[in-house]
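Undergrad: When the letters of the sequence shown are read in order and numbered with the numbering used here, they come out as residues 25 to 399.
Hint data in this document are derived by calculation from the structure and do not stem from the laboratory. Wrong hints could be hidden among the right ones.
[Unchecked claim] Here are the simulated distance ranges between beta carbons:
(1) 315 to 257: 18 to 26 Å
(2) 89 to 258: 16 to 24 Å
(3) 209 to 186: 18 to 26 Å
(4) 209 to 236: 30 to 38 Å
(5) 281 to 324: 57 to 65 Å
(6) 371 to 115: 30 to 38 Å
[Said to hold, decoys possible] Below 30 Å or equal to it, Euclidean Cα-Cα: the simulated DSSO-like pairs (lysine-lysine) are:
(7) 127 to 137
(8) 159 to 118
(9) 352 to 118
(10) 113 to 131
(11) 137 to 221
(12) 192 to 157
(13) 288 to 352
(14) 89 to 251
(15) 225 to 118
(16) 137 to 200
(17) 211 to 89
(18) 118 to 288
(19) 211 to 157
(20) 288 to 259
(21) 221 to 281
(22) 221 to 209
(23) 365 to 118
(24) 259 to 192
(25) 127 to 355
(26) 365 to 355
(27) 234 to 251
(28) 89 to 234
(29) 251 to 157
(30) 221 to 113
(31) 221 to 234
(32) 234 to 211
(33) 113 to 285
(34) 234 to 157
(35) 131 to 157
(36) 118 to 285
Given the structure is predicted, the values throughout are model-derived calculations rather than measurements. Glycine is no exception: its CB is placed at the ideal position from the N, C-alpha and C atoms.
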Amino acid sequence: MAKKQSTATKVATAKPVEKKEEPAVAVEKQEKEAVAMPAKAVTATQTESQTVAPETAQLSARTAKNFTAYLLPEVVYGDEAALDVLRQKLRAYKEIHPGFLAKTEDKDAFVCKREYLPVYRQSAVVDYSWTLKNKGAATDHTERREVSCRQHSAPAFFRADSFPADVKTIALASPKQAEELYPCKHKTFSACVTALKNEAKAYAPQKSAKMQLYNRAYEIFYVPVLKATCTFDGKEYVAYVNLLNGECDAQYLVSDKLIKKADKVMAGVRTCRRLIIFTLLYALTFAGLGWYYAYVTATMKPLMVQLICMSAATALPLICYLFCFSYKRNKFILQAVQTGKLPRAILPRVFALLCVLIALAEMLVFALYILRYTI
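Kindly produce the complete structure, drawing on both the sequences and the hints.
TA: Here you go:
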(Lines of atoms letter the chains of each structure in order from A; the text may use other names.)
(Lines give C-alpha, C1' and ligand atoms only; values in the text may rest on other atoms or scores of the structure.)
Protein backbone atom coordinates (compact mmCIF):
# COMPACT_ATOMS: atom_id res chain seq x y z
CA MET A 25 0.00 0.00 0.00
CA ALA A 26 1.42 3.33 -0.78
CA LYS A 27 2.32 5.54 2.13
CA LYS A 28 3.22 9.22 2.17
CA GLN A 29 5.29 11.09 4.72
CA SER A 30 6.11 14.73 4.13
CA THR A 31 7.38 17.91 5.73
CA ALA A 32 8.19 21.35 4.40
CA THR A 33 10.29 24.25 5.70
CA LYS A 34 9.18 27.87 5.41
CA VAL A 35 11.73 30.59 4.76
CA ALA A 36 9.43 33.63 4.36
CA THR A 37 6.35 34.78 6.24
CA ALA A 38 4.03 31.93 7.13
CA LYS A 39 4.48 29.35 9.88
CA PRO A 40 6.17 26.07 9.03
CA VAL A 41 3.84 23.38 7.80
CA GLU A 42 4.66 19.99 9.19
CA LYS A 43 3.30 16.53 8.57
CA LYS A 44 3.81 13.72 11.04
CA GLU A 45 6.41 11.07 10.20
CA GLU A 46 5.15 7.51 10.15
CA PRO A 47 7.65 4.69 10.72
CA ALA A 48 8.20 2.27 7.90
CA VAL A 49 6.65 -1.09 8.69
CA ALA A 50 8.16 -4.35 7.55
CA VAL A 51 5.65 -6.61 5.87
CA GLU A 52 6.02 -10.36 6.12
CA LYS A 53 5.90 -12.24 2.85
CA GLN A 54 3.28 -14.78 1.82
CA GLU A 55 4.42 -18.06 0.36
CA LYS A 56 3.38 -19.06 -3.16
CA GLU A 57 4.46 -22.71 -3.25
CA ALA A 58 3.52 -25.67 -1.13
CA VAL A 59 6.89 -26.08 0.57
CA ALA A 60 9.08 -23.14 -0.37
CA MET A 61 8.30 -19.74 1.07
CA PRO A 62 9.15 -17.13 -1.61
CA ALA A 63 9.20 -13.42 -1.00
CA LYS A 64 6.08 -11.63 -2.13
CA ALA A 65 6.58 -8.55 -4.24
CA VAL A 66 4.89 -5.34 -3.23
CA THR A 67 4.17 -3.39 -6.36
CA ALA A 68 2.53 -0.34 -4.79
CA THR A 69 4.76 2.72 -5.08
CA GLN A 70 5.77 4.23 -1.75
CA THR A 71 6.40 7.98 -1.37
CA GLU A 72 8.28 9.75 1.37
CA SER A 73 9.09 13.44 1.63
CA GLN A 74 11.78 14.95 3.80
CA THR A 75 12.80 18.47 4.83
CA VAL A 76 16.00 20.07 3.58
CA ALA A 77 17.19 23.64 3.97
CA PRO A 78 16.37 25.71 0.88
CA GLU A 79 19.25 26.98 -1.20
CA THR A 80 18.66 30.64 -1.93
CA ALA A 81 21.67 31.34 -4.15
CA GLN A 82 21.99 30.67 -7.87
CA LEU A 83 18.47 29.47 -8.48
CA SER A 84 17.86 27.94 -11.87
CA ALA A 85 14.45 27.48 -13.47
CA ARG A 86 15.81 25.11 -16.10
CA THR A 87 13.60 22.09 -16.72
CA ALA A 88 15.47 18.77 -16.72
CA LYS A 89 15.02 16.48 -19.69
CA ASN A 90 16.17 13.32 -17.90
CA PHE A 91 17.38 12.10 -14.53
CA THR A 92 20.04 14.44 -13.18
CA ALA A 93 22.07 11.88 -11.16
CA TYR A 94 22.59 8.15 -10.74
CA LEU A 95 23.93 7.41 -7.26
CA LEU A 96 25.50 4.22 -5.93
CA PRO A 97 25.99 4.05 -2.13
CA GLU A 98 28.76 2.25 -0.31
CA VAL A 99 27.53 -0.99 1.28
CA VAL A 100 27.21 -1.25 5.05
CA TYR A 101 27.11 -5.06 4.98
CA GLY A 102 29.64 -7.02 2.96
CA ASP A 103 28.71 -10.32 1.37
CA GLU A 104 29.90 -12.43 4.32
CA ALA A 105 28.19 -10.19 6.86
CA ALA A 106 24.98 -10.34 4.82
CA LEU A 107 25.12 -14.15 4.71
CA ASP A 108 25.55 -14.19 8.50
CA VAL A 109 22.40 -12.05 8.81
CA LEU A 110 20.58 -14.43 6.47
CA ARG A 111 21.64 -17.53 8.42
CA GLN A 112 20.44 -15.93 11.66
CA LYS A 113 17.10 -15.25 10.01
CA LEU A 114 16.78 -18.87 8.86
CA ARG A 115 17.70 -20.23 12.31
CA ALA A 116 14.87 -18.19 13.82
CA TYR A 117 12.22 -19.92 11.69
CA LYS A 118 10.21 -22.68 13.37
CA GLU A 119 9.63 -26.07 11.78
CA ILE A 120 12.23 -25.47 9.09
CA HIS A 121 13.57 -28.60 7.40
CA PRO A 122 16.67 -29.68 9.37
CA GLY A 123 18.47 -30.91 6.27
CA PHE A 124 17.89 -27.63 4.48
CA LEU A 125 19.02 -25.64 7.52
CA ALA A 126 22.19 -27.73 7.77
CA LYS A 127 22.85 -27.11 4.09
CA THR A 128 22.66 -23.33 4.54
CA GLU A 129 25.37 -23.50 7.20
CA ASP A 130 27.91 -24.75 4.64
CA LYS A 131 30.48 -22.22 3.55
CA ASP A 132 29.65 -22.71 -0.13
CA ALA A 133 25.89 -23.16 0.35
CA PHE A 134 24.94 -19.96 -1.47
CA VAL A 135 25.64 -18.64 -4.94
CA CYS A 136 25.71 -14.86 -4.53
CA LYS A 137 24.93 -12.03 -6.91
CA ARG A 138 24.49 -8.27 -6.48
CA GLU A 139 21.26 -6.63 -7.60
CA TYR A 140 20.01 -3.08 -7.13
CA LEU A 141 16.74 -1.53 -6.00
CA PRO A 142 16.11 1.85 -7.64
CA VAL A 143 14.83 4.52 -5.26
CA TYR A 144 13.66 7.60 -7.15
CA ARG A 145 14.36 10.91 -5.38
CA GLN A 146 13.17 14.35 -6.47
CA SER A 147 13.71 17.79 -4.95
CA ALA A 148 13.22 21.45 -5.87
CA VAL A 149 13.12 24.95 -4.43
CA VAL A 150 9.60 26.30 -4.84
CA ASP A 151 8.47 29.92 -4.78
CA TYR A 152 4.80 30.32 -3.91
CA SER A 153 2.83 33.51 -4.52
CA TRP A 154 -0.79 34.26 -3.70
CA THR A 155 -3.11 37.15 -2.96
CA LEU A 156 -5.45 37.47 0.02
CA LYS A 157 -8.37 39.90 0.08
CA ASN A 158 -9.72 41.27 3.34
CA LYS A 159 -12.43 43.95 3.40
CA GLY A 160 -11.63 45.00 -0.12
CA ALA A 161 -7.87 45.24 0.47
CA ALA A 162 -5.64 42.86 -1.44
CA THR A 163 -2.37 41.66 0.11
CA ASP A 164 0.28 39.84 -1.88
CA HIS A 165 2.20 37.00 -0.19
CA THR A 166 5.27 35.04 -1.21
CA GLU A 167 7.01 32.10 0.39
CA ARG A 168 9.94 29.89 -0.54
CA ARG A 169 10.20 26.25 0.43
CA GLU A 170 12.21 23.26 -0.62
CA VAL A 171 10.24 20.09 -1.13
CA SER A 172 11.51 16.61 -1.78
CA CYS A 173 10.01 13.16 -2.19
CA ARG A 174 11.09 9.66 -3.03
CA GLN A 175 9.42 6.53 -4.31
CA HIS A 176 10.22 2.88 -4.83
CA SER A 177 8.32 -0.23 -5.83
CA ALA A 178 10.44 -2.86 -4.09
CA PRO A 179 9.00 -5.49 -1.74
CA ALA A 180 8.24 -3.96 1.64
CA PHE A 181 10.55 -6.25 3.61
CA PHE A 182 13.58 -4.55 2.00
CA ARG A 183 12.67 -1.19 3.57
CA ALA A 184 14.47 0.26 0.58
CA ASP A 185 13.99 3.88 1.70
CA SER A 186 15.51 3.20 5.13
CA PHE A 187 19.29 3.61 5.20
CA PRO A 188 21.91 5.60 7.16
CA ALA A 189 21.67 9.34 6.61
CA ASP A 190 25.45 9.64 6.27
CA VAL A 191 25.84 6.91 3.67
CA LYS A 192 28.51 7.77 1.11
CA THR A 193 27.64 7.64 -2.58
CA ILE A 194 29.43 7.78 -5.89
CA ALA A 195 27.92 9.24 -9.04
CA LEU A 196 27.51 6.93 -12.00
CA ALA A 197 27.89 8.12 -15.56
CA SER A 198 24.85 6.15 -16.74
CA PRO A 199 21.96 4.20 -15.24
CA LYS A 200 22.22 0.55 -14.25
CA GLN A 201 21.25 -1.95 -16.91
CA ALA A 202 18.01 -3.93 -16.55
CA GLU A 203 19.81 -7.20 -15.83
CA GLU A 204 21.49 -5.59 -12.80
CA LEU A 205 18.21 -4.47 -11.22
CA TYR A 206 15.94 -6.34 -8.85
CA PRO A 207 12.86 -7.50 -10.82
CA CYS A 208 10.18 -5.03 -9.77
CA LYS A 209 8.18 -2.26 -11.40
CA HIS A 210 10.30 0.77 -12.28
CA LYS A 211 9.28 4.42 -12.60
CA THR A 212 9.70 6.55 -15.70
CA PHE A 213 11.20 10.02 -15.71
CA SER A 214 7.83 11.59 -16.56
CA ALA A 215 6.30 9.87 -13.53
CA CYS A 216 9.01 11.39 -11.32
CA VAL A 217 8.34 14.84 -12.78
CA THR A 218 4.65 14.44 -11.97
CA ALA A 219 5.45 13.22 -8.45
CA LEU A 220 7.54 16.33 -7.73
CA LYS A 221 4.84 18.68 -9.05
CA ASN A 222 2.21 16.93 -6.95
CA GLU A 223 4.45 17.17 -3.89
CA ALA A 224 4.98 20.89 -4.41
CA LYS A 225 1.25 21.43 -4.89
CA ALA A 226 0.37 19.38 -1.81
CA TYR A 227 2.50 21.59 0.46
CA ALA A 228 1.56 24.96 -0.96
CA PRO A 229 0.79 27.45 1.85
CA GLN A 230 -2.41 28.36 0.00
CA LYS A 231 -4.43 26.10 -2.23
CA SER A 232 -4.62 28.75 -4.95
CA ALA A 233 -0.93 29.71 -4.75
CA LYS A 234 1.05 29.90 -7.96
CA MET A 235 4.29 27.89 -8.06
CA GLN A 236 7.68 28.46 -9.62
CA LEU A 237 10.13 25.55 -9.32
CA TYR A 238 13.91 26.01 -9.26
CA ASN A 239 16.92 23.72 -8.98
CA ARG A 240 14.96 20.60 -9.86
CA ALA A 241 16.82 17.37 -9.18
CA TYR A 242 15.74 13.88 -10.26
CA GLU A 243 17.99 11.18 -8.87
CA ILE A 244 18.03 7.39 -8.94
CA PHE A 245 19.55 5.97 -5.77
CA TYR A 246 20.55 2.33 -6.32
CA VAL A 247 20.15 0.34 -3.09
CA PRO A 248 22.44 -2.73 -3.32
CA VAL A 249 20.99 -6.10 -2.30
CA LEU A 250 22.58 -9.52 -2.16
CA LYS A 251 20.78 -12.33 -3.97
CA ALA A 252 21.80 -15.65 -2.39
CA THR A 253 20.64 -18.89 -4.04
CA CYS A 254 20.82 -22.24 -2.22
CA THR A 255 20.17 -25.53 -4.06
CA PHE A 256 18.73 -28.39 -2.01
CA ASP A 257 17.30 -31.66 -3.36
CA GLY A 258 17.38 -30.26 -6.88
CA LYS A 259 15.36 -27.12 -6.05
CA GLU A 260 16.60 -23.55 -5.77
CA TYR A 261 15.73 -21.36 -2.78
CA VAL A 262 16.41 -17.65 -3.17
CA ALA A 263 17.13 -15.14 -0.41
CA TYR A 264 17.73 -11.39 -0.51
CA VAL A 265 19.61 -9.17 1.94
CA ASN A 266 19.57 -5.36 1.85
CA LEU A 267 23.25 -4.37 2.08
CA LEU A 268 22.45 -0.96 3.59
CA ASN A 269 20.15 -1.90 6.49
CA GLY A 270 20.42 -5.70 6.80
CA GLU A 271 16.75 -6.43 6.08
CA CYS A 272 16.33 -9.84 4.50
CA ASP A 273 13.83 -12.46 3.45
CA ALA A 274 14.21 -15.96 2.09
CA GLN A 275 12.59 -18.96 0.54
CA TYR A 276 13.02 -22.09 2.64
CA LEU A 277 11.93 -25.69 3.02
CA VAL A 278 9.78 -26.67 5.97
CA SER A 279 9.92 -29.93 7.91
CA ASP A 280 8.18 -33.11 6.74
CA LYS A 281 6.23 -33.18 10.01
CA LEU A 282 4.69 -29.80 9.30
CA ILE A 283 3.83 -30.73 5.72
CA LYS A 284 2.07 -33.92 6.85
CA LYS A 285 0.19 -32.03 9.56
CA ALA A 286 -0.89 -29.32 7.13
CA ASP A 287 -2.11 -31.95 4.66
CA LYS A 288 -4.06 -33.73 7.42
CA VAL A 289 -5.71 -30.50 8.58
CA MET A 290 -6.65 -29.55 5.02
CA ALA A 291 -8.16 -33.01 4.49
CA GLY A 292 -10.34 -32.39 7.55
CA VAL A 293 -11.37 -28.99 6.23
CA ARG A 294 -12.39 -30.51 2.90
CA THR A 295 -14.45 -33.17 4.70
CA CYS A 296 -16.25 -30.50 6.73
CA ARG A 297 -16.84 -28.52 3.57
CA ARG A 298 -18.48 -31.50 1.86
CA LEU A 299 -20.67 -32.15 4.91
CA ILE A 300 -21.74 -28.51 5.06
CA ILE A 301 -22.74 -28.41 1.40
CA PHE A 302 -24.74 -31.63 1.87
CA THR A 303 -26.61 -30.16 4.86
CA LEU A 304 -27.24 -26.99 2.84
CA LEU A 305 -28.86 -28.96 0.04
CA TYR A 306 -30.82 -30.97 2.61
CA ALA A 307 -32.11 -27.80 4.30
CA LEU A 308 -32.97 -26.18 0.97
CA THR A 309 -34.97 -29.24 -0.01
CA PHE A 310 -37.23 -29.07 3.04
CA ALA A 311 -37.57 -25.29 2.78
CA GLY A 312 -38.63 -25.67 -0.84
CA LEU A 313 -41.08 -28.46 0.00
CA GLY A 314 -42.58 -26.26 2.70
CA TRP A 315 -43.27 -23.45 0.23
CA TYR A 316 -44.65 -25.95 -2.29
CA TYR A 317 -47.07 -27.63 0.15
CA ALA A 318 -48.23 -24.26 1.48
CA TYR A 319 -48.89 -23.07 -2.06
CA VAL A 320 -50.82 -26.08 -3.31
CA THR A 321 -52.94 -26.25 -0.13
CA ALA A 322 -53.54 -22.48 -0.01
CA THR A 323 -52.17 -22.32 3.55
CA MET A 324 -49.31 -19.95 2.85
CA LYS A 325 -50.64 -17.11 4.99
CA PRO A 326 -50.91 -18.97 8.31
CA LEU A 327 -47.56 -20.70 7.69
CA MET A 328 -45.70 -17.58 6.54
CA VAL A 329 -43.60 -17.23 9.72
CA GLN A 330 -42.41 -20.84 9.60
CA LEU A 331 -41.65 -20.60 5.88
CA ILE A 332 -39.61 -17.42 6.25
CA CYS A 333 -37.63 -18.90 9.16
CA MET A 334 -36.90 -22.06 7.19
CA SER A 335 -35.67 -20.04 4.22
CA ALA A 336 -33.53 -17.69 6.34
CA ALA A 337 -31.91 -20.60 8.18
CA THR A 338 -30.38 -21.88 4.93
CA ALA A 339 -28.15 -18.79 4.78
CA LEU A 340 -26.02 -19.99 7.70
CA PRO A 341 -24.77 -23.20 6.02
CA LEU A 342 -23.95 -21.16 2.93
CA ILE A 343 -21.87 -18.71 4.98
CA CYS A 344 -20.09 -21.58 6.76
CA TYR A 345 -19.34 -23.25 3.45
CA LEU A 346 -17.78 -20.10 2.00
CA PHE A 347 -15.82 -19.46 5.20
CA CYS A 348 -14.12 -22.85 4.93
CA PHE A 349 -12.44 -21.68 1.72
CA SER A 350 -10.40 -19.19 3.77
CA TYR A 351 -8.30 -22.10 5.04
CA LYS A 352 -5.22 -22.52 2.85
CA ARG A 353 -2.47 -25.11 3.11
CA ASN A 354 0.31 -22.60 2.49
CA LYS A 355 -1.18 -20.25 5.05
CA PHE A 356 -1.11 -23.05 7.63
CA ILE A 357 2.56 -23.68 6.88
CA LEU A 358 3.54 -20.01 7.08
CA GLN A 359 1.73 -19.50 10.40
CA ALA A 360 3.38 -22.60 11.85
CA VAL A 361 6.82 -21.37 10.83
CA GLN A 362 6.19 -17.98 12.39
CA THR A 363 4.59 -19.21 15.63
CA GLY A 364 6.12 -22.65 16.09
CA LYS A 365 2.66 -24.17 16.57
CA LEU A 366 1.37 -26.92 14.32
CA PRO A 367 -1.79 -25.97 12.36
CA ARG A 368 -5.28 -26.70 13.66
CA ALA A 369 -8.75 -26.11 12.24
CA ILE A 370 -11.50 -26.31 14.87
CA LEU A 371 -14.06 -23.89 13.44
CA PRO A 372 -14.89 -25.99 10.34
CA ARG A 373 -15.86 -28.88 12.64
CA VAL A 374 -18.04 -26.58 14.74
CA PHE A 375 -19.66 -25.19 11.61
CA ALA A 376 -20.30 -28.67 10.23
CA LEU A 377 -22.03 -29.73 13.46
CA LEU A 378 -24.10 -26.54 13.49
CA CYS A 379 -25.17 -27.10 9.88
CA VAL A 380 -26.24 -30.68 10.67
CA LEU A 381 -28.44 -29.34 13.46
CA ILE A 382 -29.96 -26.77 11.11
CA ALA A 383 -30.76 -29.45 8.54
CA LEU A 384 -32.44 -31.61 11.22
CA ALA A 385 -34.41 -28.58 12.43
CA GLU A 386 -35.63 -27.93 8.88
CA MET A 387 -36.85 -31.50 8.64
CA LEU A 388 -38.64 -31.31 12.00
CA VAL A 389 -40.35 -28.00 11.17
CA PHE A 390 -41.50 -29.42 7.88
CA ALA A 391 -42.85 -32.59 9.50
CA LEU A 392 -44.44 -31.05 12.62
CA TYR A 393 -45.89 -27.84 11.18
CA ILE A 394 -46.12 -27.92 7.43
CA LEU A 395 -47.40 -31.50 6.92
CA ARG A 396 -49.66 -31.39 9.98
CA TYR A 397 -51.23 -28.12 8.87
CA THR A 398 -51.63 -29.01 5.20
CA ILE A 399 -52.85 -32.60 5.49
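Undergrad: If a hint holds in the structure, say so; if it does not, say that too.
TA: Status of the hints after comparison with the structure:
{"no.": "1", "hint": "315 to 257: 18 to 26 Å", "verdict": "violated, 59 Å"}
{"no.": "2", "hint": "89 to 258: 16 to 24 Å", "verdict": "violated, 50 Å"}
{"no.": "3", "hint": "209 to 186: 18 to 26 Å", "verdict": "holds, 20 Å"}
{"no.": "4", "hint": "209 to 236: 30 to 38 Å", "verdict": "holds, 32 Å"}
{"no.": "5", "hint": "281 to 324: 57 to 65 Å", "verdict": "holds, 58 Å"}
{"no.": "6", "hint": "371 to 115: 30 to 38 Å", "verdict": "holds, 33 Å"}
{"no.": "7", "hint": "127 to 137", "verdict": "holds, 19 Å"}
{"no.": "8", "hint": "159 to 118", "verdict": "violated, 71 Å"}
{"no.": "9", "hint": "352 to 118", "verdict": "holds, 19 Å"}
{"no.": "10", "hint": "113 to 131", "verdict": "holds, 16 Å"}
{"no.": "11", "hint": "137 to 221", "verdict": "violated, 37 Å"}
{"no.": "12", "hint": "192 to 157", "verdict": "violated, 49 Å"}
{"no.": "13", "hint": "288 to 352", "verdict": "holds, 12 Å"}
{"no.": "14", "hint": "89 to 251", "verdict": "violated, 33 Å"}
{"no.": "15", "hint": "225 to 118", "verdict": "violated, 49 Å"}
{"no.": "16", "hint": "137 to 200", "verdict": "holds, 15 Å"}
{"no.": "17", "hint": "211 to 89", "verdict": "holds, 15 Å"}
{"no.": "18", "hint": "118 to 288", "verdict": "holds, 19 Å"}
{"no.": "19", "hint": "211 to 157", "verdict": "violated, 42 Å"}
{"no.": "20", "hint": "288 to 259", "verdict": "holds, 25 Å"}
{"no.": "21", "hint": "221 to 281", "verdict": "violated, 55 Å"}
{"no.": "22", "hint": "221 to 209", "verdict": "holds, 21 Å"}
{"no.": "23", "hint": "365 to 118", "verdict": "holds, 8 Å"}
{"no.": "24", "hint": "259 to 192", "verdict": "violated, 38 Å"}
{"no.": "25", "hint": "127 to 355", "verdict": "holds, 25 Å"}
{"no.": "26", "hint": "365 to 355", "verdict": "holds, 13 Å"}
{"no.": "27", "hint": "234 to 251", "verdict": "violated, 47 Å"}
{"no.": "28", "hint": "89 to 234", "verdict": "holds, 23 Å"}
{"no.": "29", "hint": "251 to 157", "verdict": "violated, 60 Å"}
{"no.": "30", "hint": "221 to 113", "verdict": "violated, 41 Å"}
{"no.": "31", "hint": "221 to 234", "verdict": "holds, 12 Å"}
{"no.": "32", "hint": "234 to 211", "verdict": "holds, 27 Å"}
{"no.": "33", "hint": "113 to 285", "verdict": "holds, 24 Å"}
{"no.": "34", "hint": "234 to 157", "verdict": "holds, 16 Å"}
{"no.": "35", "hint": "131 to 157", "verdict": "violated, 73 Å"}
{"no.": "36", "hint": "118 to 285", "verdict": "holds, 14 Å"}
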